[in-house]
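Sequence lines, in order, name chains G and L. If you count by the numbering used here, then the first sequence holds residues 1 to 317, one letter each, in order. If you count by the numbering used here, then the second sequence holds residues 318 to 581, one letter each, in order.
Treat the hints with care, since some could be wrong.
Claimed, not checked - Straight line, CA to CA, 25 Å or less: simulated BS3-like cross-link-like pairs of lysine-lysine:
1) G:Lys119 with G:Lys109
2) G:Lys81 with L:Lys478
3) G:Lys81 with G:Lys119
4) L:Lys478 with G:Lys109
5) L:Lys478 with G:Lys119
As the list claims (entries may be wrong) - Cβ-Cβ distance ranges computed for the label pairs, FRET-style:
6) G:Ser60 with L:Met577: 44 to 50 Å
7) G:Asp239 with L:Gly470: 41 to 47 Å
8) L:Ala410 with G:Ala178: 37 to 43 Å
9) L:Ile576 with G:Asp8: 53 to 59 Å
FYI, nobody ran anything at the bench for these hints, they're computed from the structure. Values in this document were obtained by computation on a predicted structure and should not be read as measured data. Cβ coordinates follow ideal geometry from the N, Cα and C atoms, glycine included.
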Amino acid sequence: MSLLEWRDVSVDYAGPDGPVPAVRGVTLSVERGEVLGIAGESGCGKSTLAATVLRLLPDSARVGGEILLDGADVLTMSWGKLRAARWSDAAIVFQGALHSLNPVQSIGKQLAEPIRLHKTAADPDARVRELLEQVGLPASRASAYPHELSGGQRQRVMIAMALACGPDLVIADEPTTALDVMVQAQVLDLLTGLVRDLGMGMVLISHDLGVLGTTCDRIAVMYAGRIVEIGPGLEVFDDPQHPYTRALAGAFPRVGDPAARYAPVGLPGDPPYPGDLPGGCDFHPRCPVVMDACATASVSLVDAGVGRVAACLRVSS
Amino acid sequence: MAGLIILAFFVLVAILAPILISPESLDVTKATGERFDPPSLAYPLGTDEDGRSILLLLAYGTRISLTVGLAATLISMVIGTAVGIMAGHFRGAGSHALVGVTDWFLVIPFLPLAIVLATVLGPSTLNLIIVIGITSWAGTARLIRAQTLSIEGRPYIERSKALGAGNWHQMTRHVLPNVFPLVLANTTLTVAIVILSETTLSFLGLGDPLAPSWGAILDSAFSTGAVSQGAWWYVLPPGICVVLVVLAFTLVGRAMERIMEGRT
């Protein structure tokens, strides 16, 4: 049994002109000890998909399909069971650590919050000290307030908080945005190291395919609410099958590769508005290798190598 | 700063009044002065219709006026903050109902409602506190609801939801500490309004007739014809006291508001 399984999950937000689909029929799973990356532009549905796991979406969102967390369907869970599952089964590392911490409480108190709520440790203060040391912060910093810490330190606190109740699954939603590159690398190393040491599963969400390629076992690339490619981490980054993945990978030039410096990069246009999707392949209006058939034919995920699938007519032909 | 000094003076008087003044000097049967004596060395602010010293009455009145003012403000703040946070935190019918009740209290004219309530409950200092407390919370509730809405949108509330926190936990641990500075600043401003209300209601004879609050002193001055007798020492001092205290609370409140600005 997978740790987490999305089965044909769809999410519609209520819009002024009827429902707006943000996620459309995503099927994906995470195994124990696996790091799954989800990549895509802003607005492609990555964070929405992540928020379905703990049912954190606003009431106006309609979620369809099945979301199995350790075999139990999150969507049909009772309120009490859901609250118990939140954080002790699956925890989230939020983006923007500064705003995810309450400015008027010390970080020690906030770290103890999930522990006290779920009563997972007899001595919350001792557990807080242990957690702080696990993420490389001195235990004496427990009395510090969020504004006294640097951005990297705050993100470490968020990671410590996610680990507080010993969850099986950690969802990291862009954990490194707003951090500089060096701190970004440190935070990612710390996060993936802890996840592997503790035998948890992790979903890592980022728009940075380079970061995902080096840290994830598998990567799923999303475009306009659908998955367009899945494959092993480095393979997806080094040898993308879908033209959209290629554009994403091209946006991060490899150091020391002269060819990459002169190759045209970037992608014209914006992702489509979810309420007004083009016919045929969602990506065809922006695709650099578009064919006539792309505007009409429906595309689905097809085999594209060992352990890889991609949703592109060129892959199947 | 000036506000604080004035306040400190009045609070000191209120605390020391029972120590410095024996209740006997306020007893009509044991009053030593003449009826409506003008200010003299023995009676620095003259005497009332029963020959009691106005200065001593005033000092005692400070105690009652401040007690009523602070106690009623406390009630008003507790109701206002609770209603405001709940109206801001919950969505749907319950929240609409709370906002509706708040609006109702805002549009009902204060004086008729307070007079009706005070008449129904009967004249006593405790009832006066209750009446003022439950008629003056609506503005605070509005303010706190607005601030709660802005705090509810911040990511640490979502984080707290994600880690399994219930409504009570979110409201008391995350929202309340963040709206508290505003509650504090609002309290000092409300005290000023409440003291004014107390004076008004006492002047209309709705307070405890045996407790000489500033409003009650003004009331007896009015009903015994002190004005037509030319006994200015009976009418002016309580009025000036009310103005000074209200001004002091307002100054302190405004200063606190300025300090809070840009912080929340």
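Against the earlier hints, flag every one the structure doesn't satisfy and list their numbers going up.
6
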